[in-house]
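Chemist: Given chain P's structure and the hints, the job is docking chain Y onto it.
Number of protein chains: 2
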Amino acid sequence: MREFELIQNIFQASVMASTQGRGDLLLGIGDDCAQVQVPPGQSLVFSMDTLVEGRHFPFDADPVDIGYRAVASCVSDLAAMGAKPAFFTLGLTIPESDPQWLAGLAQGMAELAEPIGLALVGGDTTKGPLTITLQVHGYVEADMAVKRNGAKVGDDIYVTGLLGDAAAAVPIVTGELQVSSERFDYFYDRYWRPQPRLIVGMALKRVVHAMMDISDGLAQDIQHILKASGVGANIDASRVPISAELSRWQPESAVTLALTGGDDYELCFTAPKDQAEEIALITQTLSLPCTKVGEIVTEGFVIQGYDGEISGWQHF
Amino acid sequence: MREFELIQNIFQASVMASTQGRGDLLLGIGDDCAQVQVPPGQSLVFSMDTLVEGRHFPFDADPVDIGYRAVASCVSDLAAMGAKPAFFTLGLTIPESDPQWLAGLAQGMAELAEPIGLALVGGDTTKGPLTITLQVHGYVEADMAVKRNGAKVGDDIYVTGLLGDAAAAVPIVTGELQVSSERFDYFYDRYWRPQPRLIVGMALKRVVHAMMDISDGLAQDIQHILKASGVGANIDASRVPISAELSRWQPESAVTLALTGGDDYELCFTAPKDQAEEIALITQTLSLPCTKVGEIVTEGFVIQGYDGEISGWQHF
Numbered sequence: 024m025r026e027f028e029l030i031q032n033i034f035q036a037s038v039m040a041s042t043q044g045r046g047d048l049l050l051g052i053g054d055d056c057a058q059v060q061v062p063p064g065q066s067l068v069f070s071m072d073t074l075v076e077g078r079h080f081p082f083d084a085d086p087v088d089i090g091y092r093a094v095a096s097c098v099s100d101l102a103a104m105g106a107k108p109a110f111f112t113l114g115l116t117i118p119e120s121d122p123q124w125l126a127g128l129a130q131g132m133a134e135l136a137e138p139i140g141l142a143l144v145g146g147d148t149t150k151g152p153l154t155i156t157l158q159v160h161g162y163v164e165a166d167m168a169v170k171r172n173g174a175k176v177g178d179d180i181y182v183t184g185l186l187g188d189a190a191a192a193v194p195i196v197t198g199e200l201q202v203s204s205e206r207f208d209y210f211y212d213r214y215w216r217p218q219p220r221l222i223v224g225m226a227l228k229r230v231v232h233a234m235m236d237i238s239d240g241l242a243q244d245i246q247h248i249l250k251a252s253g254v255g256a257n258i259d260a261s262r263v264p265i266s267a268e269l270s271r272w273q274p275e276s277a278v279t280l281a282l283t284g285g286d287d288y289e290l291c292f293t294a295p296k297d298q299a300e301e302i303a304l305i306t307q308t309l310s311l312p313c314t315k316v317g318e319i320v321t322e323g324f325v326i327q328g329y330d331g332e333i334s335g336w337q338h339f
Numbered sequence: 024m025r026e027f028e029l030i031q032n033i034f035q036a037s038v039m040a041s042t043q044g045r046g047d048l049l050l051g052i053g054d055d056c057a058q059v060q061v062p063p064g065q066s067l068v069f070s071m072d073t074l075v076e077g078r079h080f081p082f083d084a085d086p087v088d089i090g091y092r093a094v095a096s097c098v099s100d101l102a103a104m105g106a107k108p109a110f111f112t113l114g115l116t117i118p119e120s121d122p123q124w125l126a127g128l129a130q131g132m133a134e135l136a137e138p139i140g141l142a143l144v145g146g147d148t149t150k151g152p153l154t155i156t157l158q159v160h161g162y163v164e165a166d167m168a169v170k171r172n173g174a175k176v177g178d179d180i181y182v183t184g185l186l187g188d189a190a191a192a193v194p195i196v197t198g199e200l201q202v203s204s205e206r207f208d209y210f211y212d213r214y215w216r217p218q219p220r221l222i223v224g225m226a227l228k229r230v231v232h233a234m235m236d237i238s239d240g241l242a243q244d245i246q247h248i249l250k251a252s253g254v255g256a257n258i259d260a261s262r263v264p265i266s267a268e269l270s271r272w273q274p275e276s277a278v279t280l281a282l283t284g285g286d287d288y289e290l291c292f293t294a295p296k297d298q299a300e301e302i303a304l305i306t307q308t309l310s311l312p313c314t315k316v317g318e319i320v321t322e323g324f325v326i327q328g329y330d331g332e333i334s335g336w337q338h339f
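Going down the list, the sequences are from chains P and Y. Under this note's numbering, the first residue of the first sequence is numbered 24, with each subsequent residue one higher. Under this note's numbering, the first residue of the second sequence is numbered 24, with each subsequent residue one higher.
Misleading hints may appear alongside valid ones.
[Claimed, not checked] The list that follows gives simulated cross-link-like pairs (lysine-lysine, DSSO-like), each with its CA atoms no further than 27 Å apart:
1) K107(Y) <-> K175(Y)
2) K175(P) <-> K296(P)
3) K228(P) <-> K315(P)
4) K228(Y) <-> K250(Y)
5) K250(P) <-> K296(P)
6) K150(Y) <-> K150(P)
7) K150(Y) <-> K250(P)
8) K228(Y) <-> K296(Y)
9) K150(P) <-> K250(Y)
For the record, the hints were derived by calculation from the structure and aren't laboratory data.
If we strip away everything but chain P, and leave its shape as in the complex, we get (with noise of 0.2 Å):
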């Protein structure tokens, strides 16, 4: 018993921090069930995503870096909805309790979840291997919420920040591939702390047709708003926004890399034309690159220059 309330204070001391003067959180952590009001005019949207050591993560990783990214690539899907973060639930099953570990897991979510106001309410500690499933939820405007099926033909296709970065990190990460410790320092970045582009989401949700953020590649997950808008699309891979960094490293594989790595955690979305300047106004306001790619078309799917496979990151 003493582990599992040792397990508890942990999470609890960081959840405390964030729960503070908020009005819609009306129950935390230590009952039956968390107790939300969701804010008036407002819509709950929520993403669960379960990350397995050795699998999404490599073994033996720092759980600062395991707990931040594990927040980001779950809150990374509120921002692909135009949505605002609101609070997060944590199943945990690890395979013993190390006090250090956890409190460095549960660092480095905070780091991540207190400054965007994603506060913990709740979740479960079980003993097992280890395993990360997080619930994120956020709110929206019932109408405003941007999916996957609105994208017409004649819209372009964006792209923000820059892409093949994560994916080149892996070898790095797992220490497979030994680097200089500049090339280390960027990529481990890299890979570990993607930033979820809320602020972008939030100020795009007007201007865009449709709207999903790149975890498994970005050859792969366009398909899927193609798939639910019923068109097609030409990609310039020429366009492909990579990093200097990345292209100095490895010209050959760059592009590969981009349109078929995942862990990016970028977003991608399709606006029509008319929309250019505004979204030039928005993106470069925030400082945040931000590149089309390509357009919607009728049918089909062709990524100009590029010949290579365009099947990314296998779930299964």
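Modeler: For chain Y alone, coordinates are given in the frame of chain P:
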């Protein structure tokens, strides 16, 4: 990719049935997030539970049983709040994608979820050691959710149903113990098919002071109510409701199992004495045994007529 789509198809088939005609469910599986409009006047309550194979249910169990019991044990937390079930999400980690096994799991979940109007609206499927995380969500008026902290000195303490059968059943369901087929059938069912006390929970919400579900044993669980409410309790061991089947089979350990065994998923609640008639009327109308087992006092925790351990299921 084909295997992943198979999983989605199996579960989406069971989703479709249960989300039809629901005005609260704006967006289900297939986008970055699900979206819900909580009905006017209602708050959202939710609870997350993780079940690990070999720890929370036996290895190689029937997937239909696993599915039913996973939903039942989690929904029991909604009953304890007096809430109406609404929807759930499923984080499923499985070592391999066996279509028959998955169809069984979905069938077991639907067996309970459909009749109570609980729709599957989202989740995640990953590869790894068998682990099932559910988050169930319900609706209740903001000020009508029954908490653990409302017990008052002089309240009667009640439990619904019969206690101890599920704990007694463990060696039967794991196959460690061979019993007559009649005994096997009764106890197998008592372990795998708990009946979450949803209707009685909703009916009692206006009458009771504090309520919770009994998942880790009455003796351990009631202490959460005592701690949250700042009160004590006297329990009379001779009043704890035990089935004829358990009394006949294990006359000597029946009371210990009823007090400290887990997995009953009955409700424990406290109510002022002048509500005794109302409670009798409600529970008799629902044909549900409901037994007064003790009384709330200013301090201390005594179980009269019992001198065994009072700790129940250890989470860690």
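Chemist: Would you mind marking each hint as holding or not holding in the structure?
Modeler: Right, here's what the structure says about each hint:
1. K107(Y) <-> K175(Y): Status holds; Cα separation ~26 Å.
2. K175(P) <-> K296(P): holds, 11 Å
3. K228(P) <-> K315(P): holds, 17 Å
4. K228(Y) <-> K250(Y): Holds - the C-alpha atoms of K250(Y) and K228(Y) are around 21 Å apart, at most 27 Å.
5. K250(P) <-> K296(P): holds, 21 Å
6. K150(Y) <-> K150(P): holds, 18 Å
7. K150(Y) <-> K250(P): holds, 25 Å
8. K228(Y) <-> K296(Y): Holds, because 16 Å separates the two Cα atoms, which is no more than 27 Å.
9. K150(P) <-> K250(Y): Answer holds: K150(P) to K250(Y) is near 25 Å, not above 27 Å.
Comparing the model with each numbered hint stated earlier shows that all of them hold.
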